[in-house]
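Residue numbers (our numbering), protein chains in the order written: chain E, 14 to 174; chain B, 593 to 799.
Source of the hints: derived by calculation from the structure; they are not laboratory data.
Some hints here could point you the wrong way.
[Claimed, not checked] The calculated lysine-lysine pairs, modelled on DSSO-like cross-linking and capped at a C-alpha distance of 30 Å, are:
#1 Lys596(B) with Lys165(E)
#2 Lys165(E) with Lys29(E)
#3 Lys130(E) with Lys147(E)
#4 Lys29(E) with Lys100(E)
#5 Lys53(E) with Lys130(E)
#6 Lys100(E) with Lys147(E)
#7 Lys147(E) with Lys790(B)
#8 Lys679(B) with Lys596(B)
#9 Lys596(B) with Lys147(E)
#10 Lys773(B) with Lys596(B)
#11 Lys165(E) with Lys760(B)
#12 Lys165(E) with Lys53(E)
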Amino acid sequence: MNRTITVGISDLNVAKDGDVLVTYALGSCVGICLYDPIMKVAGLSHIMLPSSQGFPAGSQPHKFADTAIGILVRQMEQLGARQGRMKAKIAGGAQMFAGINNSSLANIGQRNVQAVKAELARLNIPIVAEDTGKNYGRTQFFHSVDGGMRIKSANRGEWMY
Amino acid sequence: MALKNYGDLNDMQLDALREIGNIGSGNAASSISLMLNRQVDIAVPVVRILDYQEVVENLGGPEQLLIGLLLSLQGQVTGMIMFLLHKDFAHLALNTLIGAEFDETSPLDEMGQSVIQEIGNIMAASYVNAIASLTGLEITISVPELCVDMAGAILSVPAIYYANISDKIIYIEDEFGHAEKRAASHILLIPEVDSLQKIMTSLGLDV
Chain E
14 MNRTITVGIS
24 DLNVAKDGDV
34 LVTYALGSCV
44 GICLYDPIMK
54 VAGLSHIMLP
64 SSQGFPAGSQ
74 PHKFADTAIG
84 ILVRQMEQLG
94 ARQGRMKAKI
104 AGGAQMFAGI
114 NNSSLANIGQ
124 RNVQAVKAEL
134 ARLNIPIVAE
144 DTGKNYGRTQ
154 FFHSVDGGMR
164 IKSANRGEWM
174 Y
Chain B
593 MALKNYGDLN
603 DMQLDALREI
613 GNIGSGNAAS
623 SISLMLNRQV
633 DIAVPVVRIL
643 DYQEVVENLG
653 GPEQLLIGLL
663 LSLQGQVTGM
673 IMFLLHKDFA
683 HLALNTLIGA
693 EFDETSPLDE
703 MGQSVIQEIG
713 NIMAASYVNA
723 IASLTGLEIT
733 ISVPELCVDM
743 AGAILSVPAI
753 YYANISDKII
763 YIEDEFGHAE
773 KRAASHILLI
783 PEVDSLQKIM
793 TSLGLDV
């Protein structure tokens, strides 16, 4: 029986042996799935903000795109994965409310997606699938058996990547 | 001592927020009674300071379908105010007002959305007027933005906003009703920390 491992907001976790990672209801946050197809090791990080800069030292590093992804890579390596083999699938970064122009929220979904892409490029991890932007929430499942990502929305259906 | 985040609020200051919640809810009940043209009463609101995660659990979990309304606060108090309504609340309002049925599968049509936005407007004004009348501060509100989606996705917006301030949220739970039906609404009050400080100073609750 495969386990389902829940990843909360500003959290990350790893899975293997057919276990499934899930993070519920991504809005403007971004879920980053990493996979090593040889070792069948999967990782999922749910980030909330693009950058840890300007936040006090000691802030939860799993919250930020620029600090969380590197931590996820290291945790996967401890299960035998290799960074050079990893591929990424990402989802989220929606704009939930159309007309919000508050400075800390303006285009936050888009800025999160950009920061995730920049960090993955820095780590030389290619993005092979993406379901980002638009204006609706997504629940993200990530299967360690084959690296498949399933996205479920509240009223728009489901997709496999 | 200046407030740095919502967790720094003392018991007296929390009581003041509860009082704002009470007055605001009372105002909201009268306005909604007028709009629906029938008596709407309201139970004593519950005001709590919660973590983001606790709010999500309180609302029925991250995938719970909710109607979210977001307004920004401008003037001497800046920040945001968010309403979260379960479908039964929308049912109650829409069925009473325009005789429409809003069920789980059908999206809100334009008329339904505009009615819900108007309710959000009235409710926000009720709370903002409560703050303004107690503190003498001038506050205006923006037009409400509407979103029907999963609780976790809607709440990611204030959670991100709050990430710069605090992991805590000022959470007010109201139960509206009339003779046959009751429905809950949830309000997140999100003043900037310096605005919260201003409110407390105006109330003489500086510590």
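Hints, verified against the model:
| no. | hint | in the structure |
| --- | --- | --- |
| 1 | Lys596(B) with Lys165(E) | violated, 38 Å |
| 2 | Lys165(E) with Lys29(E) | holds, 22 Å |
| 3 | Lys130(E) with Lys147(E) | holds, 17 Å |
| 4 | Lys29(E) with Lys100(E) | holds, 15 Å |
| 5 | Lys53(E) with Lys130(E) | holds, 23 Å |
| 6 | Lys100(E) with Lys147(E) | holds, 23 Å |
| 7 | Lys147(E) with Lys790(B) | violated, 37 Å |
| 8 | Lys679(B) with Lys596(B) | violated, 36 Å |
| 9 | Lys596(B) with Lys147(E) | violated, 34 Å |
| 10 | Lys773(B) with Lys596(B) | violated, 41 Å |
| 11 | Lys165(E) with Lys760(B) | holds, 28 Å |
| 12 | Lys165(E) with Lys53(E) | holds, 23 Å |
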